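There are 2 protein chains.
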Amino acid sequence: MKSCGLIVEYNPFHNGHRYHIEAARAASNCDVVVAIMSGNFLQRGEPACMDKWSRAEAALQEGANLVIELPFAHAVQSADYFARGGVQLLAALGVDSLCFGTDLSSDLDYEAFGRAHLEHESAINDLYQAREVTGESYPERMTAIYRQLLPEWTLDFSSPNHILGMAYAKENAKLASPMQIFPIQRQGSNYHESELNPINFSSATAIRQAVKSGTFNDLSSAMPTSSQKLLQEAPFIDWEYFWPLLKYRLLTTTPEQLRSVYQMKEGFEYRLFEKVKQANSFQELMTLAKTKRYTWTRIQRLLTYVLLNVTENEIMQAREHPYIRVLGFDEIGRDFLKQQKGRVSIPLITNVNRKNESLLALDIKAGQVYQTAYSSLKQQDYYRAPHYN
Amino acid sequence: MKSCGLIVEYNPFHNGHRYHIEAARAASNCDVVVAIMSGNFLQRGEPACMDKWSRAEAALQEGANLVIELPFAHAVQSADYFARGGVQLLAALGVDSLCFGTDLSSDLDYEAFGRAHLEHESAINDLYQAREVTGESYPERMTAIYRQLLPEWTLDFSSPNHILGMAYAKENAKLASPMQIFPIQRQGSNYHESELNPINFSSATAIRQAVKSGTFNDLSSAMPTSSQKLLQEAPFIDWEYFWPLLKYRLLTTTPEQLRSVYQMKEGFEYRLFEKVKQANSFQELMTLAKTKRYTWTRIQRLLTYVLLNVTENEIMQAREHPYIRVLGFDEIGRDFLKQQKGRVSIPLITNVNRKNESLLALDIKAGQVYQTAYSSLKQQDYYRAPHYN
Chain A
1 MKSCGLIVEY
11 NPFHNGHRYH
21 IEAARAASNC
31 DVVVAIMSGN
41 FLQRGEPACM
51 DKWSRAEAAL
61 QEGANLVIEL
71 PFAHAVQSAD
81 YFARGGVQLL
91 AALGVDSLCF
101 GTDLSSDLDY
111 EAFGRAHLEH
121 ESAINDLYQA
131 REVTGESYPE
141 RMTAIYRQLL
151 PEWTLDFSSP
161 NHILGMAYAK
171 ENAKLASPMQ
181 IFPIQRQGSN
191 YHESELNPIN
201 FSSATAIRQA
211 VKSGTFNDLS
221 SAMPTSSQKL
231 LQEAPFIDWE
241 YFWPLLKYRL
251 LTTTPEQLRS
261 VYQMKEGFEY
271 RLFEKVKQAN
281 SFQELMTLAK
291 TKRYTWTRIQ
301 RLLTYVLLNV
311 TENEIMQARE
321 HPYIRVLGFD
331 EIGRDFLKQQ
341 KGRVSIPLIT
351 NVNRKNESLL
361 ALDIKAGQVY
371 QTAYSSLKQQ
381 DYYRAPHYN
Chain B
1 MKSCGLIVEY
11 NPFHNGHRYH
21 IEAARAASNC
31 DVVVAIMSGN
41 FLQRGEPACM
51 DKWSRAEAAL
61 QEGANLVIEL
71 PFAHAVQSAD
81 YFARGGVQLL
91 AALGVDSLCF
101 GTDLSSDLDY
111 EAFGRAHLEH
121 ESAINDLYQA
131 REVTGESYPE
141 RMTAIYRQLL
151 PEWTLDFSSP
161 NHILGMAYAK
171 ENAKLASPMQ
181 IFPIQRQGSN
191 YHESELNPIN
201 FSSATAIRQA
211 VKSGTFNDLS
221 SAMPTSSQKL
231 LQEAPFIDWE
241 YFWPLLKYRL
251 LTTTPEQLRS
261 VYQMKEGFEY
271 RLFEKVKQAN
281 SFQELMTLAK
291 TKRYTWTRIQ
301 RLLTYVLLNV
311 TENEIMQARE
321 HPYIRVLGFD
331 EIGRDFLKQQ
341 KGRVSIPLIT
351 NVNRKNESLL
361 ALDIKAGQVY
371 QTAYSSLKQQ
381 DYYRAPHYN
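Here the protein sequences line up with chains A and B, keeping their order. Taking the working numbering, the leading residue of the first sequence gets 1, the next gets one more, and so forth. Taking the working numbering, the leading residue of the second sequence gets 1, the next gets one more, and so forth.
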């Protein structure tokens, strides 16, 4: 079976995501579309608006054949680690190709770019370190480095989606057998665009804002009916749902103890310890904690690590012991799993139990905290069978 | 001004407490009654049913002239430390006498008992250690030791109130100028009695059960009208209010990290770590965690330390730097404070602010967590003036 992989968040699943699945199928001519999807916490350090099971269900209803969880240790990370986690899982599953959206140009030869980057990787990293003192932004620094080392590549480092695309290409080039890459032109809406787009391709950001502001009916043009229905069945989760727990945590943890949280450094623990006393909501804490050095996303990720009390050791353990956690499949996806089973060299997990719980400890912990959001939310991990569509 | 001290919890304030104040005034012939009262968490490792301000208000309305907070570091402790904290605060305030209830006999000469104990203290402690191996209960062990060392004293070590009375006497004997002791016969009800007593002296336990079971009207015979009114104004807090936070804490703390909690030892951290996964309420966790070695009260105290993430260092800091925190007074109490001010050698605190916050850090933390119980509960410490009756 010919397979094509996507690395996604589906927060929530919308028309652009359906287009992505259809375009991947058309471009790769594949039999099976495999989506590697973040779990209950997302790349930008936020809880998902719906739990991972609902989002997997939406994807399966709209054309994905198999949904695998991108573990917390890779999902709640900067673009490079997020991409590495996704690409490695696709490779472990023996997926043939990778398809992602780009909002710039789909003409860029990502495979060649990945190889060129790999060839110069240590020089790029050295220069990146050396230019630390310049105070340049990430796009400025990378542009300067490429102009110096690889002048034949003119790249734009300012778009989050394009940065992700380049990260996929770089990780893919490192594989023993790199996948074929199918970049597709994103339709209609920019990543950060916050207004609903009348031509059916609104961004997830715009959809989240429409839901929060109560103009929910407008979504019929932006989302498939199936995922609209899921949205109506459960509350729309955001950070404020976890604010009482986060506040409690920060009020009862010393700065010294906070320092054992993954990525907590440079005295930021003292800043949080002080600011939480004045904050009455998550948004207020974010606004109070924000500095020039710390972007919004970086602080959100840090607060996700605080909420879950994530340590460096937990992240390292999870990265050193990868696994494939199946969230759902249809008949085609199940057949593909059966076909690949023999050649998959890492644990393939369809049921979390006492025997494999230590492997998934961080995801289980994330699920247990996410589950407290509202009372009817089901157990996220133990003894939960994959969704069958 | 002649003063008499009481060491109390008022959980909630009832007729027996009013009798205690009246009897103390009559026995000591004092001008001012000073109550040293636990704050928001109590000796047996429970949140108070009402916050410390409401309980102080009730006491002032029913005859106490001055209410001082017994700090967390002394309040949530076994009888000996609880008594030490209370007696030391009374001594620091220059209080002349101490009055407490006993459910055995008020004929016992507690002052002489205190001196006799002090004289033999190291021998008693040595024997106590030596008999560890016998597996005797605390009452059995103490009875055997007294029979051996001080056969002239026939004491009952099985009543919680009597154990507290003896602890007061022992601590009092250690003072440079011991206070006069007025034991009074407790009326009508045993400490643990769980049925409302028709002759107006119900235990706090019986009152709490009546409130929880909804037979609230019966309380008119058990409590002064003023404290009934306070009870009706706010929810009746118990451990279940803090169960979501405690569960979250236990789910997101490793056994290694739990070990840094005060008094956590002997592998009990692993027991909690395991049992919390099965528990759906505080009561369920208690029932699951209970062992022969760990009494209900000991586990409750331990879980209070977990909830507040209390470390040994915090307890030691608080004990080494005592202070007098005023919760409320009437005119007489205020005059007494003015009179004593010059001879009080530890900080006298009527307003918590940035200058003195580090001294009261543990009480402030306890208040911040207690405050999450319901949304209309006021800030417990910062800038809160004593209640004036």
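Derived by calculation from the structure, the hints in this document are not laboratory data. Keep in mind that a hint or two might mislead.
[Unchecked claim] No more than 25 angstroms apart at the CA atoms, straight line, and that leaves these computed lysine-lysine pairs for BS3-like:
| # | chain 1 | residue 1 | chain 2 | residue 2 |
| --- | --- | --- | --- | --- |
| 1 | A | K378 | B | K277 |
| 2 | B | K378 | A | K275 |
| 3 | B | K378 | B | K265 |
| 4 | B | K265 | A | K275 |
| 5 | B | K265 | A | K365 |
| 6 | B | K355 | B | K365 |
| 7 | A | K247 | A | K355 |
| 8 | A | K247 | B | K229 |
| 9 | A | K355 | B | K365 |
| 10 | B | K378 | A | K365 |
| 11 | B | K174 | A | K247 |
| 12 | B | K229 | A | K275 |
[Unchecked claim] Rough simulated footprint, nothing fancy, chain A against chain B, three-plus residues with beta-carbon under 8 angstroms:
| # | segment |
| --- | --- |
| 13 | 31-45 |
| 14 | 251-257 |
[As the list claims (entries may be wrong)] Calculated from the model, a selection of chain B residues having no Cβ within reach of chain A, i.e. all distances over 10 angstroms:
| # | residue |
| --- | --- |
| 15 | L127 |
| 16 | P160 |
| 17 | A204 |
| 18 | T225 |
| 19 | P244 |
| 20 | K247 |
| 21 | L307 |
| 22 | D330 |
| 23 | K338 |
| 24 | V352 |
This one's a predicted model, so the numbers in the text were calculated from it and none came from an experiment. Glycine included, each C-beta is placed from N, C-alpha and C at the ideal position.
Comparing the hints with the structure gives:
Between K378 (chain A) and K277 (chain B) the alpha-carbon distance is near 14 angstroms, which keeps this suggested pair within the 25 angstroms criterion. Distance hint between K378 (chain B) and K275 (chain A) is fulfilled; the C-alpha atoms sit about 19 angstroms from each other, no more than 25 angstroms. Distance hint between K378 (chain B) and K265 (chain B) is unfulfilled; the C-alpha atoms sit about 35 angstroms from each other, more than 25 angstroms. At roughly 33 angstroms between alpha-carbon atoms, K265 (chain B) and K275 (chain A) are farther apart than 25 angstroms, so this suggested pair is violated.
For the hint linking K265 (chain B) to K365 (chain A), the alpha-carbon distance of about 24 angstroms falls within 25 angstroms, and the restraint holds. For a cut-off of 25 angstroms, the pair hint linking K355 (chain B) to K365 (chain B) stands: about 16 angstroms separates their Cα positions. Between the alpha carbons of K247 (chain A) and K355 (chain A) the distance comes to roughly 34 angstroms, so the proposed pair goes past 25 angstroms and is violated. A threshold of 25 angstroms between alpha carbons decides the hint, and for K247 (chain A) with K229 (chain B) the separation of about 32 angstroms lies outside it, so the pair is violated.
Between K355 (chain A) and K365 (chain B), the direct Cα distance comes to roughly 39 angstroms. Violation of the 25 angstroms bound is thereby established for this hinted pair. This hinted pair does not check out: K378 (chain B) and K365 (chain A) have alpha carbons roughly 33 angstroms apart, beyond 25 angstroms. Proximity of K174 (chain B) to K247 (chain A) is assessed by CA-CA distance (about 43 angstroms); at most 25 angstroms being required, the pair is judged violated. A hinted pair counts as satisfied when its Cα atoms are at most 25 angstroms apart, and K229 (chain B) with K275 (chain A) does not qualify at roughly 37 angstroms.
Proximity of the segment 31-45 of chain B to chain A, defined as three or more residues with a beta carbon under 8 angstroms from a beta carbon of that chain, is not established by the 0 residues found. Restraint check on the segment 251-257 of chain B versus chain A: 5 residues with Cβ-Cβ distances below 8 angstroms, three needed, restraint holds. Every C-beta of chain A lies more than 10 angstroms from that of L127 (chain B), the closest at about 39 angstroms, which supports listing it as non-interface. Look at P160 (chain B): its CB is around 29 angstroms from the nearest CB on chain A, clear of 10 angstroms, so calling it non-interface holds up.
The Cβ of A204 (chain B) lies farther than 10 angstroms from every Cβ of chain A, with a closest approach of about 28 angstroms, so its non-interface assignment holds. Against chain A, the non-interface label of T225 (chain B) holds: every CB pair exceeds 10 angstroms, the least being about 35 angstroms. Listed as outside the interface, P244 (chain B) is inconsistent with that label: its C-beta sits roughly 6 angstroms from the nearest C-beta of chain A, within the 10 angstroms cut-off. Here K247 (chain B) does not stay apart from chain A, with its beta-carbon only about 8 angstroms from theirs, under the 10 angstroms limit.
The claim that L307 (chain B) is not at the interface with chain A is violated, since a C-beta of that chain comes within 10 angstroms of its own (minimum 8 angstroms). At the 10 angstroms boundary, the C-beta of D330 (chain B) stays outside the reach of chain A, the nearest C-beta of that chain being 33 angstroms off. At roughly 33 angstroms, the least C-beta separation between K338 (chain B) and chain A is larger than 10 angstroms, which holds for a residue marked as non-interface. With a cut of 10 angstroms on Cβ distances, V352 (chain B) stays outside the contact zone with chain A, its closest approach being about 13 angstroms.
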